[in-house]
Every structure is written in C-alpha cells, then in structure tokens.
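> Line by line, the protein sequences are chains B and F. Numbering-wise, the numbering used here puts 214 at position 214 of the first sequence, and it's gapless, one number per residue. Counting the second sequence from 1 gives a position; the numbering used here is that position plus 226.
All the given hints hold, so there is nothing to weed out.
Here are a few chain F residues that sit away from chain B, every Cβ distance over 10 Å (derived from the structure):
{"no.": "1", "residue": "234"}
{"no.": "2", "residue": "287"}
{"no.": "3", "residue": "302"}
{"no.": "4", "residue": "310"}
{"no.": "5", "residue": "316"}
{"no.": "6", "residue": "320"}
{"no.": "7", "residue": "337"}
{"no.": "8", "residue": "354"}
{"no.": "9", "residue": "358"}
{"no.": "10", "residue": "362"}
{"no.": "11", "residue": "366"}
{"no.": "12", "residue": "469"}
{"no.": "13", "residue": "485"}
{"no.": "14", "residue": "500"}
Lysine to aspartate or glutamate pairs mimicking EDC-like chemistry, simulated, CA-CA at most 16 Å apart:
{"no.": "15", "chain 1": "B", "residue 1": "127", "chain 2": "B", "residue 2": "91"}
{"no.": "16", "chain 1": "B", "residue 1": "53", "chain 2": "B", "residue 2": "65"}
{"no.": "17", "chain 1": "F", "residue 1": "387", "chain 2": "B", "residue 2": "96"}
{"no.": "18", "chain 1": "B", "residue 1": "53", "chain 2": "F", "residue 2": "402"}
{"no.": "19", "chain 1": "B", "residue 1": "53", "chain 2": "B", "residue 2": "72"}
{"no.": "20", "chain 1": "B", "residue 1": "53", "chain 2": "B", "residue 2": "6"}
{"no.": "21", "chain 1": "F", "residue 1": "387", "chain 2": "B", "residue 2": "95"}
{"no.": "22", "chain 1": "B", "residue 1": "127", "chain 2": "B", "residue 2": "96"}
{"no.": "23", "chain 1": "B", "residue 1": "127", "chain 2": "B", "residue 2": "95"}
FYI, nobody ran anything at the bench for these hints, they're computed from the structure. Bear in mind the structure is a predicted one, so any value in this text is a computation, not a measurement. All C-beta atoms in this analysis are idealised placements derived from N, C-alpha and C, irrespective of residue type, glycine included.
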Amino acid sequence: MILQLEGLTAGYGAAPVLRDIHLEVPQGSIVTVLGPNGAGKTTLLRTIAGLLKPTTGRILFDGDDLRGVRVEHLVRRGLALVPEGRGVITELTVEENLRLGGLWRKDSAATMSEVYELFEPLARRNKSMGHQLSGGERQMLAIGRALMARPRLLLLDEPSLGLAPKVTAQIMSLLRQLRDNDGLSVLLVEQNARSALSIADAAVAMSLGRLAETSSGDMRAAYLGS
Amino acid sequence: MERFAFLTFDGLANGAVYSAFALALVLIWRAARIVNFAQGAMAVAAAYAAYAVTSATGSYWLGFAAALAGGMALGVLVERGVMRFTSHSAPLNQVIVALGLVLTIQAGLGMLYGNEFRPVGTPFSRDAIDVGGVPLLSQYDVFVFAAVLTIVLLLALLFTKTSTGLRMRAAAFAPEVSRLLGVNVGGMLTLGWALAAGAGAVAAMLVIPTELGLHPHAMDLVFVTSFTAAVIGGLDSPPGAVVGGLLLGLVLSYVSGYLGSSVTPIAAFAALLAVLLARPQGLFAASKARQA
Numbered sequence: 001m002i003l004q005l006e007g008l009t010a011g012y013g014a015a016p017v018l019r020d021i022h023l024e025v026p027q028g029s030i031v032t033v034l035g036p037n038g039a040g041k042t043t044l045l046r047t048i049a050g051l052l053k054p055t056t057g058r059i060l061f062d063g064d065d066l067r068g069v070r071v072e073h074l075v076r077r078g079l080a081l082v083p084e085g086r087g088v089i090t091e092l093t094v095e096e097n098l099r100l101g102g103l104w105r106k107d108s109a110a111t112m113s114e115v116y117e118l119f120e121p122l123a124r125r126n127k128s129m130g131h132q133l134s135g136g137e138r139q140m141l142a143i144g145r146a147l148m149a150r151p152r153l154l155l156l157d158e159p160s161l162g163l164a165p166k167v168t169a170q171i172m173s174l175l176r177q178l179r180d181n182d183g184l185s186v187l188l189v190e191q192n193a194r195s196a197l198s199i200a201d202a203a204v205a206m207s208l209g210r211l212a213e214t215s216s217g218d219m220r221a222a223y224l225g226s
Numbered sequence: 227m228e229r230f231a232f233l234t235f236d237g238l239a240n241g242a243v244y245s246a247f248a249l250a251l252v253l254i255w256r257a258a259r260i261v262n263f264a265q266g267a268m269a270v271a272a273a274y275a276a277y278a279v280t281s282a283t284g285s286y287w288l289g290f291a292a293a294l295a296g297g298m299a300l301g302v303l304v305e306r307g308v309m310r311f312t313s314h315s316a317p318l319n320q321v322i323v324a325l326g327l328v329l330t331i332q333a334g335l336g337m338l339y340g341n342e343f344r345p346v347g348t349p350f351s352r353d354a355i356d357v358g359g360v361p362l363l364s365q366y367d368v369f370v371f372a373a374v375l376t377i378v379l380l381l382a383l384l385f386t387k388t389s390t391g392l393r394m395r396a397a398a399f400a401p402e403v404s405r406l407l408g409v410n411v412g413g414m415l416t417l418g419w420a421l422a423a424g425a426g427a428v429a430a431m432l433v434i435p436t437e438l439g440l441h442p443h444a445m446d447l448v449f450v451t452s453f454t455a456a457v458i459g460g461l462d463s464p465p466g467a468v469v470g471g472l473l474l475g476l477v478l479s480y481v482s483g484y485l486g487s488s489v490t491p492i493a494a495f496a497a498l499l500a501v502l503l504a505r506p507q508g509l510f511a512a513s514k515a516r517q518a
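Build the full structure now, drawing on both the sequences and the hints.
Structure below.
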C-alpha cells in the first residue's frame, strides 16, 4: 500500500471534521472519494498533506508514519497535493510555476520537457502569467507542477471544478495514462461522480466526516450503469 | 536653466535614497503584508553600528560593512524574535508591535549614545563638480547613485534569475501552496526581512551624512518620505518603489528650490493624494487577475 489511513480524526479547533477514517490506496491505483459539499473531502486531503494535524490516528505513506514530518518535506518523499481551486500562483509565469514544482530535483529540466509534452497548451504559453490562463489551462498547470516533483502519490482535490465536460474528460484520461504508464497512485476527491468513477480502481463515499459503507461496485452501478 | 539642472540632479540623488528605502518597505510588505514602521529605527541602529566600528578602526568602509551586516542581523532578529510571534488575526497587531519596536530601538540608542546629533563623514567629496560651468553632482552623489543602483540590480537578479528568488516570490504570493511544493516559507520570510533591513541600512548610511548627522530619530523624515514613495509606486511593486522614490525626490527638489523648503511636506502629501485619487493601487501595481 502506498497510503494507509488508520483511525484518522482531524478538524479545525475542537470540532472534528474527519472521524475515524480508515482508507487504503494500493500502489499504482486510482482511489476516488466521493461526497457532497461539507463531507470533509478537502479536510481529508489537507490532513494527509500535512496542512492539518490529526488529533488521533495514523497516516502511513509507503509504510512510514508521517507524524512529525514537515509539510515542505512531504513532496520530496513523493507525496504531492493539487489543492482545490488549483493553487496556481497567478503572479508567476507558467514556466516559473513548473520550475517551482521541482526546484530541488536535478532532473527538473528533463521533467519539464515531459510535462510540456503531456500538456501542449502549457508549452505554447510558457511565458504567460498564471492569471492569464483559462480554468482548464490552470488545472493542467497545477497537475503539471505536481508532476515536476515526480510524485508516487498524487492527491487531487476536485480537479473538475468549474471545467467544461470536455476538459474534465481530458484530465481524467491523463490521470488514467499516468497510472497505466508511470505507475502513479492517485487519491482523487470529486463531486463529479461519473467522471471520477470512469477511471477509479476503487471508490469510497464520504458523508459528514465519515466514510460510508458503500462498495465501489454499487457506486459504479448507480452512476455508470454497469 | 542652471538652477533647474542643479535641482534635477539633487532631486535624483535624494530620490535614489528614497528608492532604496522604499524598496526595503516593499520587500517586507510583499513577503509578510506588514508595513514595517520600525524600518527607520532599525536602519538608524545599523548606522550607529557603523559609527562605532568607524570610530574604533578609522575606516569608513569597515563601518559600512558593519552597517550592512548589522542591519541584516537586526532584520533576522526582528522577524524571528518578534514578528513571527505576533498574531496575524488583525493587521493592526503588527503595526502596533512595529511602533513599539520604534520606541524601544530609539530609546535604547538614546541611552547608549545620547540624543545629540553626531556628524558623520563621507568617503568621497560632497563638493559639486562643475559641468559646463554648472555645479551638478558631487563625487558623493555619484557614490549614492552607484550604491543604490547596485542594490536594485542585485535584488532584481536575485528575484528574477535565481531559484532562491523564485522561492521568495512564491512564498510571498502563496505561502501554503509554496509549502506544499517544498519551499521553506519561514526561511524565505526571514531572508526577506534580512535583505530589506540590509537595504534600509545602506540607505541610512547614504543619507545621514547629507542631513544633520546621526541621531536616534535621524531616519524619521526619510521613512515618511520613502513610505510615500512606496505608496505612489505601488506597495507591491519593487520597480514602483524605485520610480516612486526618484519621482518624489525630483518633486521635492523642485518645490524646495522654486517655492521654498517650508512647502515640501505639503508637496509630498499633494503628490501622494494625486496618485491615490488617480490610481489608488499605485503607479506600478500589478493588473488584476483573470477570473478562472
């Protein structure tokens, strides 16, 4: 398992948002977490990424307990988060955003070429400022920047938010490609169940901070009809 | 015409110092969203360090180096020892802490060195050189331009050409995202304070010899003028700080030369008011982001 959550409880202040979460993400697979607004999906990803400290429970990344590991060190271990709203730094150019994703890597120039191959629009607009990009281009940039770190686990928060269905389909197709070709593991948080389930190896539903007892097969049947 | 040429060069020389000091304010504003009201007092403290070293060794340049190093060290100390522990829940918290620092530093300097003005020497002559019969720049003015130009160029190179500069900009614009990308945001903030305090210290070393001398309040007026310059240029814009400083230096020089020095404070406020009315975000503020 690349990621194991064991009895994870976390929140803001005294009130827990996540309650006793148990979840596993196998190596080289896409696991999606579905749920309505306010379910705690974003809090789940922020906790795994180290932005929130769990009150109880453990986060194991590739077998290592992440307790006490600083947020800025997680990316070097291979864990990258693409936050909700994409997190593109709009005051920097496309190229600067990408460079930032792999500043500490010696092979960042080669990785940037690969990212440009993967996202051709970014190559064309490499000198554009982040604020000049469309929503779809920003999402590509956010994912591309995360890939600059050559992560083993990608945490994606609502990548389809505000995007046209065609662009969403492209993003999902890309994630499938990264899993199949590079063995990338993905924990995908989505409200767009149909898109997420179309590429997910496993799915869980979340409601009011808890994972619901629903099987992946049931959800696929409900949303995809198979 | 001779008078105009003299006032222009004099204004640019003063404006260069305002630019360096405004740049220091902008650096901290961009990094921490704090107007560092203690910048003037910190710069004077660095100048006192220079005064002590120069008095002990007889070397202006050792004193200059001490001001730079002392200023940067003070910047680190203020950020790590005070500002980092100040609550960010309301912007006024940091303003009040900065004002408290001003009082503490100035009182401390007064107790250590006394409150009298101490004349400070310059490494170059301040006698104006005649060009075509018109007294224009002194050697010291040329040194001031060169020093400020060096600061501006070094900072520009740092921010645009190095990975440390990229990290600093990212940490200033989006601290949380930067942490997720592996940037040590706290370290970048400390570096920003050190650089800003270093620039402020150099500005103090350049301007104090041209004024009444070293005194715990020697940078108060320079702070007000430079803050005005930074707002005119756009508090978020380093180029704006440089241009704002030069523009304000020119305006104050012309007003002082043609209308009298008693009118210059009014001129500074009039320039500020005009810019705030016409372009509230400052002359060089970045354009608004496109909505996703």
